[in-house]
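Given these sequences and hints, build the entire structure.
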Amino acid sequence: MSQPIRVLLAKVGLDGHDRGIKIVARALRDAGMDVIYTGLHRSPEEVVIAAVQEDVDVLGVSLLSGVQMTVFPKIFELLQTNGADDMIVVAGGVMPDEDVAELKKMGVNEVLLQDTPPQTIIDTLTRLVEERGAR
Amino acid sequence: MGTYVPSVELIARVQAGEPAAIGRLMSRAESGMAEAREALVRIHKLAGRAQVVGITGVPGSGKSTLVGKLARNLRTSGSKVGIIAVDPSSPYSGGSILGDRIRMSDLGTDPGIYIRSMATRGATGGMARAALEAVDILDAAGFGVVILETVGVGQDEVEIVRASHTTVVVSAPGLGDDIQAIKAGLLEIADIHVVSKCDRSDANRTLTDLKQMLMLGMREHKPADWTVPVIGTSAVSGEGLDELSDAIVRHHDVTSASDAGRAQRKSMAEFRLRKTAENLLFDRFVETTAAASGKLAERLMRRESDPYTLAEELLAATLAKEDDNERDVHSKIA
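For the protein sequence lines, the chains are Z and R, in the order given. Using the working numbering, the first residue of the first sequence is number 18, and each one after it goes up by one. Using the working numbering, the first residue of the second sequence is number 887, and each one after it goes up by one.
No wet-lab data here; the hints were simulated from the structure. Predicted, not measured: the structure shown is a model, and the values here were computed from it. It is possible that part of the hints are untrue.
Facing chain Z, from chain R, some residues (calculated, C-beta under 8 angstroms) [what the hints assert, rightly or not]:
| id | residue |
| --- | --- |
| 1 | Gly980 |
| 2 | Gly981 |
| 3 | Gly985 |
| 4 | Arg987 |
| 5 | Ile1001 |
To give a feel for the contact side, a few chain Z residues facing chain R, derived at Cβ under 8 angstroms [claimed, not checked]:
| id | residue |
| --- | --- |
| 6 | Asp51 |
| 7 | Val69 |
| 8 | Gln70 |
| 9 | Arg144 |
| 10 | Leu145 |
Even for Gly, the Cβ is constructed at its ideal location relative to N, Cα and C.
Right, here's the structure in full:
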């Protein structure tokens, strides 16, 4: 029996813009995925705890506030301490190219910037989960 | 976790309360994979201590918000609180938006609270198919109270009463009158009635309608020593939450020793048994009929035969497999 891909979408910190993430959530739902949305203003701790409890395949963090280089190291540290280092992590939002390169080095599986078509997001997550294999 | 960890190896870590292990085993239970069966059998043996509290009500009645507040309140008594929150799957794509967590966000990072969202995936009755397995897993992990929140239900999805020790039905003000309140179905199953959003001015009317409805009846389905309370709550002011927590604890005390409680536990066991058998049968049905159903549907469309004859033909494969299995079992016994 094939399982729907489970995704947790999170907005971290002082960032009140959630129109984009809701569109992504809707697109992933319509592609047959189970999408858990945390709501606005979450801390990295809350996001990682939620992702671990929900045992999601993909943790998607959207940032439009420029704090990615502070938030993602914290997220990876917390995933490690919670025994969830096999989780796929995807970043979304608006961020400079040099940060994108750094994030990928840090372990972010994919960075999906503004103007990424929904179908590309769906295809990317599907591919990442396939590549990971059974867990 | 890195490489694939066999499900039975997760058991000790579940018992130690490790969130990643609890989450992973729940995912495997949800997938229905054969590999997880042995682990779930053992988990079931370890479980059986938690009080399962079912929370149900119409969509938008404030179930998730109430669950969030209630969990925090129950935590003050020291016991760990697990929450299984069910939201609907799309009938078209099979996907879902599981939004119950948003309403519980002030629970923050308390390690004594575990929230798991589940999609219905075609299950009826307001619950997800693996909800009871998830309850067992939290139970085995030492959660003293497990709250099972259904999807927003209609008037008729009442399976929750056979999955929980204590059933709480949440009504919101302004959705119906006194006739609505005496209809059969959802309102009959409550051990505790909650009227949410009591900061609204029309809440008193709903409280009165429910109280009067209860006075009309003989309450033959409920224990004689339990009076179903009607509690007004407000997530805004916190009104009624202590009263609700107390009622849940009291209901547990009253029923755990009584005959009525015993009957309820028997009814829960029977439900679990039948539901599990039903799921096994359904899986087998899906598997054995996949190939034939297209062809038979063609014949029905062309009206070459009738639905009853063709359905019998479709079932033949499932039933034949049943017989094979039965023979296997018998030969093993012999």
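A quick look at each hint next to the structure:
1. Gly980: It holds, given that the least Cβ distance between Gly980(R) and chain Z is near 5 angstroms, below 8 angstroms.
2. Gly981: holds, 4 angstroms
3. Gly985: It holds, given that the least Cβ distance between Gly985(R) and chain Z is near 6 angstroms, below 8 angstroms.
4. Arg987: With Cβ-Cβ at 6 angstroms, under 8 angstroms, it holds.
5. Ile1001: Because about 6 angstroms separates Ile1001(R) from the closest Cβ in chain Z, which is inside the 8 angstroms limit, the hint holds.
6. Asp51: holds, 5 angstroms
7. Val69: holds, 5 angstroms
8. Gln70: holds, 5 angstroms
9. Arg144: violated, 17 angstroms
10. Leu145: violated, 16 angstroms
Checked against the numbered hints above, the structure breaks hints 9, 10 and satisfies the rest.
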